[in-house]
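Asks: Now for the letters of each chain:
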Amino acid sequence: MFLSSLLLALRAIRRNLMRSFLTILGIVIGVSAVITMVTLGNGATRVVSDQIASLGSNLVMVRPGQRLGPGRDSAGAPRFKVSDAEAIQTQIGGLNAVAPSTNRSLTVVYGANNWSTAVTGSTDAYFTVGNWRLAGGRVFTETEQRAGKAVCVIGETVRKELFGQQPAVGGVLRISNFSCEVIGVLASKGQSAMGMDQDDTIVMPLRTLQRRLTGNQDVSSLLVSVGDSANTDRVMADLRLLLRERRKIATNEDDNFSILDTRQIAETLTGTTKVMTMLLGAVAAVSLLVGGIGIMNIMLVSVTERTREIGIRLAIGALEREVLLQFLVEAVALSALGGIIGIVLAALASVGLAKVMQVPFLFDPGINLLAFLFSAAIGVIFGYFPARRAARLDPIEALRHE
Amino acid sequence: MNAMPSPPAPLPPGEGSESLIQLRAVTKTYGQGPAEFQALRGVDLRIEPGEFVAVMGPSGSGKSTAMNILGCLDNPTSGAYVFRGLHVEQLSRNQRALLRRYYLGFVFQGFNLLARTTALENVELPLLYRGEPRAARHARAREALDAVGLRQWEKHTPAELSGGQQQRVAIARAIVTHPTILLADEPTGNLDTQRSHEIMDLLVALNRDRGITVLMVTHEPDMARYAKRIIHFLDGRVDADHRNGEKH
Ligand SMILES: Nc1ncnc2c1ncn2[C@@H]1O[C@H](COP(=O)(O)OP(=O)(O)OP(=O)(O)O)[C@@H](O)[C@H]1O
Ligand SMILES: [Mg+2]
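Respectively, the protein sequence lines represent chains A and B. One gets this note's numbering by counting positions in the first sequence from 1 and adding 5 to each. One gets this note's numbering by counting positions in the second sequence from 1 and adding 11 to each.
Heads up, a few of these hints could be off.
Said to hold, decoys possible - Pairwise CB distance ranges (calculated): (1) R405(A) x G44(B): 12 to 22 angstroms; (2) G61(B) x I386(A): 49 to 59 angstroms; (3) I386(A) x G44(B): 45 to 55 angstroms.
As the list claims (entries may be wrong) - To spell it out: a stretch of chain A is covered by chain B in this simulated footprint if at least three of its residues, at any positions, have a beta carbon under 8 angstroms from a beta carbon of chain B; those stretches are: (4) 14 to 22; (5) 311 to 321.
None of these hints come from the bench; they were simulated from the model. All C-beta atoms in this analysis are idealised placements derived from N, C-alpha and C, irrespective of residue type, glycine included.
Full structure from sequences and hints, please.
Replies: Spelled out as structure tokens, the structure:
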């Protein structure tokens, strides 16, 4: 009985090629869209978390002003001083390094080349905190820092843009109104999690930047590298108490600074990409649903013809359960075929798009299974249930169906 | 001439040696309440094996209703339908389906062939439900198509066949199982005179050569003339029942 139902179902599929094709198409589009979106989203999430891992472990960033809530405008909050960094270094245990830093966006010139980049003033602790390595030359010395000498270390992008094939170390750059000797080149770190080029940077002693460019003693952020054995939460709590004390904040007042650690940033960012993945998945799920509605339409349009067909089958002696088995097999076969084609198509599209978007291709068996089961359910619900209603009619009623 | 194949007896033993078909005080009511309509108002009828019966009567007199009940496609509202001593009105849906499968062939006024399906596949459909193997199915379907003169049309779908050819495919489908009884509701209703006579010759041959009992509804006295017996319906009752050629 099952074999003959299979035969009948295959005949019905072949006989109604267009309808079968449209049914499969609806499922293929829905299934492949959902799987592709989710797979690419997973790849993007992986990229972000990989990049965050490369940032350096346990980096804590302190900035004036609050990121959120009242006092959000950081302009109003008092700046930090170098003495804040020194106090943190001496009074809080378990730290690798503390780097006070200030940034400026400037155009730098070397010979006929000029390049717009971010100039950071800091101490040599900056290289420890940011996990920077040197590709050539050296970092600035204690003396150079204290004296505020015009020396700088440049990132790979700046080197490429200004020096090209020429040796960079020993070259003299024109930065704004002063000349600055290049003493070192940083090893490339590539793009940051936010998609910024981390190698597009110039680092010089903080003193130099303050004297020659900003003209004040302000420090715009404190970068703190927490030792591996230290508890980041404890360190952050200590930092907060210390800074509140130094900034003379009363107990009932809010902080006028904010402390972020990379773990938080990482969580925020991966959280964001996860939300994006879910959003894309939801959009794709809508297309799966639309595909389902398409299938329902095709099935409903053909319900008159199919009801008559069922009437004919019943009239020549088919049992209700034989007719139902045939329609069930037909629905399952169509949706399974659509689901399989959709999965294959999604795999191809994901591999291709992952290459274009430069994210890894991560096969997610869960979403493949889910999309497949969903498509099968759609096929069965929309293909089988109208047939079941028809098969319960008396043959003569089914035949009379208009 | 083919011997009746013995079906895998889905039927319990009947009441003994009786008529092939007996209707006793059969009524059929359609609708409910104010829309209620009594299409059959007590029909009594006996049909013996090997008969060729024409059913006539004005439109709305209940001919199709009676045929559908005889074909086990519909149930009477009251009364008894005894087929080979078996009370059909007491059977389950599935048992009636098996009766249709093994004993009855039905030809509809509107052909009712499966669309986009070749003549051969249409004709072999009842055999599929009987679980016949492929080779036997094809052989018997071709034999049935031969009997209706459509052997060379077996690859054609209904849309590629004329009305007369479609009706002959429908007849082939009805006789492919070698039914005990062939029920035909206005088999020539949609056909021109020449095609109608061809169909009649075919039914006569089936009745004569294969011993198939034929029950046929028709409006045309020309067609009724082929039958050995004519039953007249009027207002849901049998109005007259006589052997062909006898005076009314
Ligand atoms: N499904 C139904 N619901 C309600 N009334 C019906 C139904 N089928 C038939 N009838 C009514 O029952 C009566 C008998 O119908 P039937 O089809 O048996 O007549 P008939 O003798 O075959 O007529 P015709 O020669 O026009 O085919 C008609 O008055 C018809 O309107
Ligand atoms: Mg009728």
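Asks: Against each hint, give a clear statement of whether it holds in the structure.
Replies: Now for the hints, and whether the structure bears them out:
| no. | hint | result |
| --- | --- | --- |
| 1 | R405(A) x G44(B): 12 to 22 angstroms | holds (21 angstroms) |
| 2 | G61(B) x I386(A): 49 to 59 angstroms | holds (50 angstroms) |
| 3 | I386(A) x G44(B): 45 to 55 angstroms | violated (35 angstroms) |
| 4 | 14 to 22 | holds (count 3) |
| 5 | 311 to 321 | holds (count 8) |
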